[in-house]
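Going line by line, the protein sequences match chains V and D. All you need for the working numbering is the position in the first sequence, starting with 1, plus 165. All you need for the working numbering is the position in the second sequence, starting with 1, plus 12.
For the record, the hints were derived by calculation from the structure and aren't laboratory data. Each hint can be trusted.
Capping the alpha-carbon separation at 30 Å, the derived lysine-lysine pairs in DSSO-like fashion look like this:
hint	chain 1	residue 1	chain 2	residue 2
1	D	K339	D	K63
2	D	K454	V	K251
3	D	K386	V	K251
4	D	K454	D	K386
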Amino acid sequence: MELITLRGIEKTYQMGDIAVPVLKGISLAIRQGELVALTGSSGSGKSTLMNILGCLDRPTAGEYWLDGQEISTLSADERALLRNRKLGFVFQSFNLLARTSAIENVAMPLSYGAGHLSEREARERAAEMLTRVGLADRLDHHPAQLSGGQQQRVAIARALINRPPVLFADEPTGNLDSKTSEEVLQMFERLNTEDRITIIMVTHDPKVAGHANRVIRMQDGVILDDAPPTAGANPNTPAGAP
Amino acid sequence: MMLYTTARTAFRTLRRNPMRAMLTTLGIVIGVGAVIAMMEIGAGASAALKKTIASMGANVLVVRPGTASSGGVSFGAGSTTTLTPEDCQAILRECPAVRNAAPMVRARTQVVYGNRNWVPNAIYGTTPAYLDVQDWSILAEGEPFSDRDVLNGNRVCILGQSLVRELFDNESPVGKEIRIKNIAFRVIGVLTPKGANMMGFDQDDVILAPWTTIKYRVTGATLSTANQSTATASDSVNTLSNLYPAVKRGLYPEQSSVQQADNPMPVRFANIDQIMLAANSSAEIPLAVEQITGVLRERHRIRAGEPDDFNVRDMAELTRTLSTTTKLMTNLLLAVAMISLVVGGVGIMNIMLVSVTERTREIGLRMAVGARGKDILRQFLVEAVVLCLTGGAMGIVIGHGGSLLVQALLKWPVETSPAAIATAVLVSAGVGIIFGFYPAWKASRLDPIEALRYE
Ligand SMILES: Nc1ncnc2c1ncn2[C@@H]1O[C@H](COP(=O)(O)OP(=O)(O)O)[C@@H](O)[C@H]1O
Ligand SMILES: [Mg+2]
Numbered sequence: 166m167e168l169i170t171l172r173g174i175e176k177t178y179q180m181g182d183i184a185v186p187v188l189k190g191i192s193l194a195i196r197q198g199e200l201v202a203l204t205g206s207s208g209s210g211k212s213t214l215m216n217i218l219g220c221l222d223r224p225t226a227g228e229y230w231l232d233g234q235e236i237s238t239l240s241a242d243e244r245a246l247l248r249n250r251k252l253g254f255v256f257q258s259f260n261l262l263a264r265t266s267a268i269e270n271v272a273m274p275l276s277y278g279a280g281h282l283s284e285r286e287a288r289e290r291a292a293e294m295l296t297r298v299g300l301a302d303r304l305d306h307h308p309a310q311l312s313g314g315q316q317q318r319v320a321i322a323r324a325l326i327n328r329p330p331v332l333f334a335d336e337p338t339g340n341l342d343s344k345t346s347e348e349v350l351q352m353f354e355r356l357n358t359e360d361r362i363t364i365i366m367v368t369h370d371p372k373v374a375g376h377a378n379r380v381i382r383m384q385d386g387v388i389l390d391d392a393p394p395t396a397g398a399n400p401n402t403p404a405g406a407p
Numbered sequence: 013m014m015l016y017t018t019a020r021t022a023f024r025t026l027r028r029n030p031m032r033a034m035l036t037t038l039g040i041v042i043g044v045g046a047v048i049a050m051m052e053i054g055a056g057a058s059a060a061l062k063k064t065i066a067s068m069g070a071n072v073l074v075v076r077p078g079t080a081s082s083g084g085v086s087f088g089a090g091s092t093t094t095l096t097p098e099d100c101q102a103i104l105r106e107c108p109a110v111r112n113a114a115p116m117v118r119a120r121t122q123v124v125y126g127n128r129n130w131v132p133n134a135i136y137g138t139t140p141a142y143l144d145v146q147d148w149s150i151l152a153e154g155e156p157f158s159d160r161d162v163l164n165g166n167r168v169c170i171l172g173q174s175l176v177r178e179l180f181d182n183e184s185p186v187g188k189e190i191r192i193k194n195i196a197f198r199v200i201g202v203l204t205p206k207g208a209n210m211m212g213f214d215q216d217d218v219i220l221a222p223w224t225t226i227k228y229r230v231t232g233a234t235l236s237t238a239n240q241s242t243a244t245a246s247d248s249v250n251t252l253s254n255l256y257p258a259v260k261r262g263l264y265p266e267q268s269s270v271q272q273a274d275n276p277m278p279v280r281f282a283n284i285d286q287i288m289l290a291a292n293s294s295a296e297i298p299l300a301v302e303q304i305t306g307v308l309r310e311r312h313r314i315r316a317g318e319p320d321d322f323n324v325r326d327m328a329e330l331t332r333t334l335s336t337t338t339k340l341m342t343n344l345l346l347a348v349a350m351i352s353l354v355v356g357g358v359g360i361m362n363i364m365l366v367s368v369t370e371r372t373r374e375i376g377l378r379m380a381v382g383a384r385g386k387d388i389l390r391q392f393l394v395e396a397v398v399l400c401l402t403g404g405a406m407g408i409v410i411g412h413g414g415s416l417l418v419q420a421l422l423k424w425p426v427e428t429s430p431a432a433i434a435t436a437v438l439v440s441a442g443v444g445i446i447f448g449f450y451p452a453w454k455a456s457r458l459d460p461i462e463a464l465r466y467e
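Bound conformation, chain V alone (with noise of 0.2 Å):
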């Protein structure tokens, strides 16, 4: 089943009187499961394409389909409830609260969501995704007490705490040095294999993108090519994929 399809999906920033497109007619289809690489040389427009993806904007043109739901008709409070509920981020920059404890930055989202966990729940649930994450005894260090490795696991175990079916990264690994990189891109492959979550991330690293079991690559705000990874496949690609 598709999870996300975008036909025709354009973007152009207005700067004064002169238009600026960035995307210019993206079409693609996402199924369930997938873990999915994309990739491109600085100011291809991945940001700009995944920001749409994860519903923060809003596309010029075209038709975004999300779990049988057209996106870019719904109002502003309509995709903050989404994007709490099906969607997880994770950011180049962490994006952690300073000084508030991991437990504390994990349980954060649970509190716009619309099934109200008391206190102790939410803990408890940010105690878990912690867990996962190998942080269970880093609950109440504060964000400066983590290495950036740490820090992007409390920001990935933020993304997940509401369970959403989707992961998008954008340049997930931008911050982190090589070993660490590895292991925050072993923790995806084994969401996506073990939590069948499809995560879908930004990277100009082709080893990064040796991981995914699909690279998307962008140019001037176009797909180039969309085709698995040429070296390290990873074993797990869905039957079916492309």
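Place chain D with the ligands on chain V using the hints.
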């Protein structure tokens, strides 16, 4: 439930930077503290004022004779003698708005006990109704004189506390005899202390006696001559008194002292100095004034269009003026306190705006994980309100402490007012909402992508 969580989050956020939170809320602390102190001191002042007014007798009216004038020269209030005890009885009989009325004659002369003497502020000749009018019916000691004493012109009196102190060294005077202008009066009661009235007049420095006794045995004349210098100088010792007679010539042949003692007074022609009345309630004072005026005009046969030969004054006017003044002062100080609250609010707004800018990325993140605009709005609004309420709580403690300090050091009357505390809580929450709204609104309007990209 949801709000509680938000409030907890807000508290946690503020605790991350306690010094800044403290400084931000300082304006509110000072403003609320000032409001509390002002309201408590103001409430104390008006309570003290009410007590003073009550001690002067609630709902009291005074009828005094009018002005005599001759050839356009006015002699001032009380210069004619137009009031009679019958007027008093008529008022009592015919004015339903009047609760009680007492005729009064006044004297001011020396009082002697043993080897001590004293000139009290006033010697009032009146009836037992006076005690009721003045709310003074409960005596410290002894008994009040009776209507029979008034009828018979008995030489009995009640002393105020100051006289007990001056003449009796605070020993019980009941049953002892004092002399007023060489006439022996038996002390039968002692008044409870009342203290000074609003004009600083010592209300305890007074002797009460039956008006008949004072009028016919002590003064023998009206108020205009009934003071120390003229009344006592009228004795034959003073040779000038023949030249300038101070004693008015009587209408009837003079009685011998035996006759006078046996058959005291031609009551019909007696004049009194004033009538003291109590209205049923302060609301009925205007009605009482109207009724009294009607009765007296009729009795004095004053034709329509002619001026009254008496005037009715009510204390309410005086007390109203005084309480208006206190209220005005309190309101003025309150306005100043309110201004400092506004200044405090602007401080809150300023820091909240800084905070929104500083936390732009946090806002972007919260929006990315599902916060709606209104969630962000509520978060910042609650933060501002929590900040203000914390400041308000500190302000209440400081203001209350301040007013207690004022009470201890300056001996000002102070009254703790729950209304002031409730107002302070509401006002500080209000300041938080009003001045926190704009920054919170700004935060809620941020674009998540731009907020996340903000450096
Ligand atoms: N808010 C914006 N206003 C105008 N131009 C923008 C805006 N955001 C991105 N762009 C432009 O869109 C292009 C693609 O940006 P982006 O998607 O961030 O590229 P990348 O592939 O490096 O993530 C860039 O040329 C950038 O200048
Ligand atoms: Mg980018």
